[in-house]
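Q: So the chains spell out like this:
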Amino acid sequence: MEFTTDNLSNQIDNHKIAAEMRQVLYALLPGIVMMLWFFGWGALSNIILSISFALGFEALMLKLRQRPVLPFLSDYSAIVTATLLALTMPAYAPWWLLLVATFFAIVIAKHLYGGLGYNPFNPAMVGYAVVLISFPVDMVNWFTPTAFNMEQIGLSDTFALVFKGAANLPKWDAMTMATPLDTLKTGLRMDTPISEINQSPTFGVLAGKGWEWISLGYLVGGAWLIYRKIISWHIPTAFLATLMLISTAFWLIDSSFYSPPLLHLLAGGTMLGAFFIATDPITASTTPRGKLIYAALIGFFVYAIRVWGSAYPDGVAFSVLIMNMAVPLIDYYTQPRTFGSN
Amino acid sequence: MISSSPHIWPLKGGVHPDFHKEESTQQAIAIAPLPDKLIVPIRQHIGELGKLVVHVNDYVYKGQVLTTQPKGLGSLTHAPTSGTIVDSGRYPIPHVSGFSCPGIILKPDGKEDWGEHRLTPYSNHLSVHKNQLLERLYQAGLVGLGGAAFPSMVKISAADKATIKTLIINAAECEPYITCDDMLMRENANELIQGILILIQLLQPEQCLIGIEENKPEAIAAMQDAVATTNNNVIKLVAIPSIYPSGDEKQLIQILTGIAIPKSILSFDYGILCHNIATVHSIYNAVVKGEPLISRTVTVTGSGVKHPQNFKALIGTPFHHLINTAGGYTKKAERLLMGGPMMGFAMQTDEVPVVKATNCILALSEAELPYSLTMAMPCIRCGKCADVCPVDLLPQQLYWHARAEDLEKVQQHKLFDCIECGCCSYVCPSNIPLVSYYRHAKGAVKANAEKLQKIDKARERHEYREFRLQREKDERKAKLAKHKAALQKKKAAMAAAKANGNNKQNDVSDVIKAAMERTKAKKAAAQQQAKHYSQPRNTDNLTAAQQQQIDQADARRTASTKKHTETDSK
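Those sequence lines, one after another, are chains A and B.
Each residue of the first sequence is one higher than the one before, counting from 345 in the working numbering.
Each residue of the second sequence is one higher than the one before, counting from 1023 in the working numbering.
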């Protein structure tokens, strides 16, 4: 009897990658639920819109690049990118802002660099950084995080905000406020001591009001990812440990100028960045030692940008992008010792 | 002695595929019935080949040697049974290359007649000299049955030069589906221990560790009983965790001794020698029973086989004969592999024979293979491959460089330390056939090295030619210069001699000068005479007084010439 020894090359099997991407989405759920709780429909509209745009761009680019559309479209990678991007954008973000951000994430950062697996920069962070620099005013319009926000702004209001703009909703202005990190930065620039800044209504029990719970949601999801071995412990641990060590050190030196470590860990994009952004395997270092170096430096840059940077209150996106650039170098110099070699 | 709590150094990396061992362990090892024909290739080992010494229509006895005796890493091939050789030529062999190789086709006569060809059984091997035992291993055509088919005699005698402290018996059998070693241990534990004792006699190790994966409790129990009966405190049985690839030689050594030996170094440099448990059985058969290696245990299994089972099969038995004996194929038989699913390789046909390295014939559906055969997704750099790599490589980086054919970088990433265990391909979420890339890259590096060597040789030859031509030119120049200098010297010497003229040389040159002048004068006289007779003369119209004067002068000259002539002749 004759047998074939060839590979079946007529179909692409994406089920393992898709399964891992779905796990990442499941792990985001606690954080997403918290976002919905504090920001209402606006968090959901962000996610739905950016996933729709991302899938559209993904399909278009696959077609243009003459790649098989369906296997790549259904690998969930574009959906994960879009979800992460949506979670970093202010709730009720206008549709065009999301369109620009997803365009840069999917078309420029992902496909123009060669598509899945070939992009040196984290696509979600490229999309975020581009709109943050280009449309700073729209990017600081954060809705005040209060529980049951879904009642304050209903579905029709959400629709108006997203598609017609804030001008059509007079009560909108009264409902936004600066984020904790933003408040901190502005306060320090005016030489206000930390203890006074902390009186601002934006601060809650542990860190920022609402934000602290969202961050804890990401922490739970991230821990589950480590438990499921979807991500390794190296990157989140090194990132958070470095950030905690530096912030503790400076806080101990001068607590009137440097905010406490808990704020740095639970405010802004720290938790999302540590478990979901910096761990993107494609753009992160891959050697065990390399991962530690890569993530520790991200932690350092986050602190540096937040505290000593002049413009931006948070620095997760920029830190990740900076370290993405260093990955080939880090990987090269952190090869593990081969079996039996000294 | 049975080691109660032996220390174990856990394997780094590794994977836990479905082991699928129970399918083929339900029945005892069966002796496969004689097939209609046996295909016996003479390439069943690494190393040199002997030349066939039998011809078509020859009758051969069971155990008769078929080839001349190759040296070095060569090994002998024997007739597996008695019968007639019906054909001789090249036949496909189960090898990853898919090549064919010289051999014979034997039609068994069913008599199993040894003739004079059974080797003398050494019932008490302890009384046999070491060299005699080694010679026996060679004459019996023993090679390692774990897969590499390295001649056993060469391995043992090479290790002989180093001192072997630890003898390791590899009975891990970590590949899924394969159970031939498991069943061999369950059924022949005492013979195996005897075989181990022969090895101990040959190598005199301080300890002998038998490594068995703990998913074989029956085999462990049987071996434990057999070890207990020997009262030998050198042998220790160690149950190791079931994880693939614990049965790779270097990985097993590390698990049992904690010593990680790089791929480029042979284990006996560390005082360690490793033998497969199936090889130990053939050592026993060769020494105690006088049987050369003409049969082995083969697992025939997989969902593509109706009744999976182990067989004691003659070398040369076609695969399809064993499959038929096991009830034939099922509908699931889409792929045929020799070896396990992780490291085995796909066969194009079942018309190939069982060779010494055939431990398993595996028929599976495509879906059951541990790696996907569908088109690969791009690498997403997840690093799972690096987590499972038992030799701490970066498979993903290796893959990038192998794909880019960057031969320098693949070597920097230790391509040649890869043991091709397939763990990386097994876990890859993108289904990239990583090991295939590494095999290809290894081939490319070797081909490139050969090419570079050739270029180097050609350049060396060219450079030498240039050098030689230049040297010859220089030599000629030097010779000429030397010649010139000698001439100059001679001239100078002559001039000097002329200057101070009272030595012997001067006398000689005076004599020569005088002789030369005489000759000159003679010549002039002759010329004068000739002139005198041939040319119009001023003496034609002379006066009488003038004529008289001339006559007188002539008389005087004649007299003087005569006088001269006389002087000359003196």
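Simulated from the structure, these hints should not be mistaken for laboratory data.
Heads up, a few of these hints could be off.
Stated by the list, open to error - Derived lysine-lysine pairs resembling DSBU-like cross-links, with alpha carbons at most 30 Å apart:
hint: 1; chain 1: A; residue 1: 360; chain 2: B; residue 2: 1034
hint: 2; chain 1: B; residue 1: 1353; chain 2: A; residue 2: 360
hint: 3; chain 1: B; residue 1: 1043; chain 2: B; residue 2: 1334
hint: 4; chain 1: B; residue 1: 1513; chain 2: B; residue 2: 1501
hint: 5; chain 1: B; residue 1: 1495; chain 2: B; residue 2: 1520
hint: 6; chain 1: B; residue 1: 1043; chain 2: A; residue 2: 573
hint: 7; chain 1: A; residue 1: 360; chain 2: B; residue 2: 1043
hint: 8; chain 1: B; residue 1: 1501; chain 2: B; residue 2: 1476
hint: 9; chain 1: B; residue 1: 1535; chain 2: B; residue 2: 1545
hint: 10; chain 1: B; residue 1: 1328; chain 2: B; residue 2: 1258
hint: 11; chain 1: B; residue 1: 1073; chain 2: A; residue 2: 360
hint: 12; chain 1: B; residue 1: 1073; chain 2: B; residue 2: 1334
hint: 13; chain 1: B; residue 1: 1476; chain 2: B; residue 2: 1431
hint: 14; chain 1: A; residue 1: 360; chain 2: B; residue 2: 1431
hint: 15; chain 1: B; residue 1: 1501; chain 2: A; residue 2: 573
hint: 16; chain 1: B; residue 1: 1468; chain 2: B; residue 2: 1431
hint: 17; chain 1: B; residue 1: 1542; chain 2: A; residue 2: 360
Q: Against each hint, give a clear statement of whether it holds in the structure.
A: Right, here's what the structure says about each hint:
1. 360(A) x 1034(B): holds, 24 Å
2. 1353(B) x 360(A): Since the Cα atoms of residue 1353(B) and residue 360(A) sit roughly 27 Å apart, the hinted pair holds (cutoff 30 Å).
3. 1043(B) x 1334(B): holds, 18 Å
4. 1513(B) x 1501(B): holds, 18 Å
5. 1495(B) x 1520(B): Between residue 1495(B) and residue 1520(B) the Cα gap is close to 38 Å, so the pair fails against 30 Å, i.e. violated.
6. 1043(B) x 573(A): Roughly 27 Å separates the two Cα atoms, so the pair holds.
7. 360(A) x 1043(B): With a Cα-Cα distance of about 26 Å, the restraint between residue 360(A) and residue 1043(B) holds, given a limit of 30 Å.
8. 1501(B) x 1476(B): violated, 37 Å
9. 1535(B) x 1545(B): Given that 30 Å is the threshold and the Cα spacing comes to 15 Å, the pair holds.
10. 1328(B) x 1258(B): violated, 38 Å
11. 1073(B) x 360(A): violated, 52 Å
12. 1073(B) x 1334(B): holds, 28 Å
13. 1476(B) x 1431(B): holds, 22 Å
14. 360(A) x 1431(B): holds, 29 Å
15. 1501(B) x 573(A): Status violated; Cα separation ~83 Å.
16. 1468(B) x 1431(B): Judged against 30 Å, a Cα distance of about 14 Å means the pair holds.
17. 1542(B) x 360(A): Violated. Residue 1542(B) to residue 360(A) sits at ~119 Å, over the 30 Å cutoff.
Going down the numbered hints, you'll see the structure goes against 5, 8, 10, 11, 15, 17, while the others check out.
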